[in-house]
Amino acid sequence: MMDHDAIAELSGAYALDAVTVDEARTVEDHIAGCPACAAIVADMRGTVRVLPLSCESVEPSPSLKRRILDLAGGELKAETRLRRNAQSAGDDLPRSLRQEKSSWSRYWGAAAAALLLIAAGFGVGTMQARSAAAGHMAEMQAQAAKAQEQLAFARAAYAEIAADAKNVHGVVADVAHGKVWDMSGGTGSRRWHCMFVQPPNKKNATLIANIPSAPHGMKYQVWIIRKGTFHRAPVLPTGVAMLEMPMPLEAGDVVAFSMEPPQGSAHPTSGFMMKKTLL
Amino acid sequence: MNRPERSDEDLITSLAGRELSALDALYDRYHRVAFSMAYRVLGDRGTAEDVVQDAFLSVWRQAKSFRRERGSARTWLMSIVHHRSIDKLRSHANTPNLLPIDEAQDRESEQPGTWQVVWSRLTGDAVRGALSRLPTDQRKSIELAFFSGYTHVEIAGLMNVPLGTVKGRMRMGLQKLKALLEQPEAGVTGA
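Protein chains in written order, with the working numbering: chain A, 1 to 279; chain B, 1 to 191.
Because the hints were derived from the structure by calculation, they are not lab data.
Among the hints, a few may not be true.
[Unchecked claim] No farther apart than 30 Å at their CA atoms in a straight line, the calculated lysine-lysine pairs in the DSBU-like style are these:
no., chain 1, residue 1, chain 2, residue 2
1, A, K179, A, K65
2, A, K202, B, K176
3, A, K179, A, K203
4, A, K227, A, K203
5, A, K65, A, K77
6, A, K202, A, K227
7, B, K64, A, K179
8, B, K140, A, K77
9, A, K227, A, K179
10, A, K203, B, K64
11, B, K178, B, K140
12, A, K202, A, K179
13, B, K176, B, K140
14, B, K64, A, K65
15, A, K77, A, K227
16, B, K64, A, K227
[Claimed, not checked] Over the 12 Å line for every Cβ pair with chain A, so calculated as not near, a few chain B residues:
no., residue
17, E5
18, E9
19, D10
20, T136
[What the hints assert, rightly or not] Here are the computed distance ranges between Cβ atoms for each label pair:
no., chain 1, residue 1, chain 2, residue 2, range
21, A, E79, B, P162, 32 to 42 Å
22, A, R66, B, E154, 36 to 46 Å
23, A, H231, B, D137, 35 to 45 Å
24, A, E59, B, E5, 14 to 24 Å
25, B, D24, A, L82, 22 to 32 Å
26, B, G17, A, R232, 21 to 31 Å
27, B, S148, A, E244, 33 to 43 Å
28, B, G46, A, E79, 49 to 59 Å
Just so it is clear, CB atoms sit at the ideal spot from N, CA and C, and this is done for glycine as well.
Next up, chain A with everything else stripped away, as it sits in the complex:
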């Protein structure tokens, strides 16, 4: 436990973000209950905020503004589309499936109608005609049986696709209506994607991630830090993953990744590869 003098001594380095994670945590824990030290730290941070002004003024290229506005505009359009889709998703079938279902229904209806016509003809025709009709009927029955088999397959496939679609729609709805924190970062081959989602109607948050492989024999483990207390979250598999977090997330929580053995650890045993506060 640091005393006031030690905190004051560290305040400049802390304000400049030049301290270790442990030191930062110690300062934060201390100032949370010490208004005098909190004032010193706030003063230091206030001074640090003027440092950007000391940079010689340089203009970016004129195209930068256009790029930013185009990207933001594109996101706005995507958001609008996503919202519309999520609203209309419900239990409705995707249009392609609706069309498929109706075409199968038409096929089955046509086969049934043909059977009725054949059956009617069977009652009034000659033996030859009856024989030909019987041949036709057998053929049609075979086609109907095949159609029925295909219809059963299509129904099973539809049920599977609908279940998948429902899951996807669930995720889309969670993202569209929930609180989303995009923590993606890195560059080139070390680029990682990481999104925490707190759906409005679910207790726990979800992590959707696609991160590069950890070094051989290691995995990345997620941690949630709330008011200085570490909460253990699952180990991330390599590639695209969707994981339920052990608790709901809220602004102010800190999420972090550490490198751990494949089975995970009870406490972080390495420095954090990523540590961010949810805004």
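Fit chain B to the supplied structure of chain A, relying on the hints for placement.
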């Protein structure tokens, strides 16, 4: 008749309402200081533009979570630019990023009305002038930490001095910088 200039916080509220024109206005207001800092840290125009782009898009995406009682919009934006620049610098240097990249507003809590006002009136010349009046070791310690992303331990190694000395230089340097900037002759305009 000219329309009164909208405050930063009003612009952020409009961003939360997905108004692109607010992003346009915020860019016009801060792109130069944001780019200048990213360029100073990174020394490369293309990478600095990437950082500034990311920062403005972050503000666009996260505007709903902005809380004005936790700090100004400008501080928030510049904090994102700074952290992303240092992150980029470290990743380019192939150094694993073990430092927290924290863009939280809650670490940026301000005493409204004091530095807010000073900040808005300071000029680049004033800050450069004040920095140049700091003892060289204090200025170097501050600049190595802020613009180059070194930790106090790394700076102690670079400058070959004990860790306690670096902590002291940072603390005293920042205190002195503030005192210099608060003097009327510091070049604070409009004061």
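Going through the hints against the structure:
1. K179/A to K65/A: Judged against 30 Å, a Cα distance of about 28 Å means the pair holds.
2. K202/A to K176/B: Not satisfied, since the Cα-Cα distance of roughly 51 Å exceeds 30 Å.
3. K179/A to K203/A: holds (13 Å)
4. K227/A to K203/A: holds (20 Å)
5. K65/A to K77/A: Holds: K65/A and K77/A sit about 18 Å apart, inside 30 Å.
6. K202/A to K227/A: Judged against 30 Å, a Cα distance of about 22 Å means the pair holds.
7. K64/B to K179/A: holds (10 Å)
8. K140/B to K77/A: violated (47 Å)
9. K227/A to K179/A: The given pair, whose Cα atoms are some 20 Å apart, holds under the 30 Å limit.
10. K203/A to K64/B: holds (22 Å)
11. K178/B to K140/B: This hinted pair holds, its Cα atoms lying about 16 Å apart.
12. K202/A to K179/A: Holds: K202/A and K179/A sit about 11 Å apart, inside 30 Å.
13. K176/B to K140/B: Between K176/B and K140/B the Cα gap is close to 14 Å, so the pair holds against 30 Å.
14. K64/B to K65/A: Roughly 22 Å separates the two Cα atoms, so the pair holds.
15. K77/A to K227/A: violated (37 Å)
16. K64/B to K227/A: holds (23 Å)
17. E5: E5/B clear of chain A: closest Cβ-Cβ about 18 Å, beyond 12 Å.
18. E9: holds (15 Å)
19. D10: Since the minimum Cβ distance to chain A is about 18 Å, D10/B lies beyond 12 Å and the statement holds.
20. T136: Nearest chain A Cβ is 15 Å from T136/B, so the label holds.
21. E79/A to P162/B: 32 to 42 Å: The hinted range 32 to 42 Å is violated for E79/A and P162/B, with Cβ atoms some 53 Å apart.
22. R66/A to E154/B: 36 to 46 Å: holds (39 Å)
23. H231/A to D137/B: 35 to 45 Å: holds (42 Å)
24. E59/A to E5/B: 14 to 24 Å: holds (21 Å)
25. D24/B to L82/A: 22 to 32 Å: holds (23 Å)
26. G17/B to R232/A: 21 to 31 Å: For G17/B and R232/A the Cβ distance comes to about 38 Å; the hint is violated.
27. S148/B to E244/A: 33 to 43 Å: For S148/B and E244/A the Cβ distance comes to about 40 Å; the hint holds.
28. G46/B to E79/A: 49 to 59 Å: violated (28 Å)
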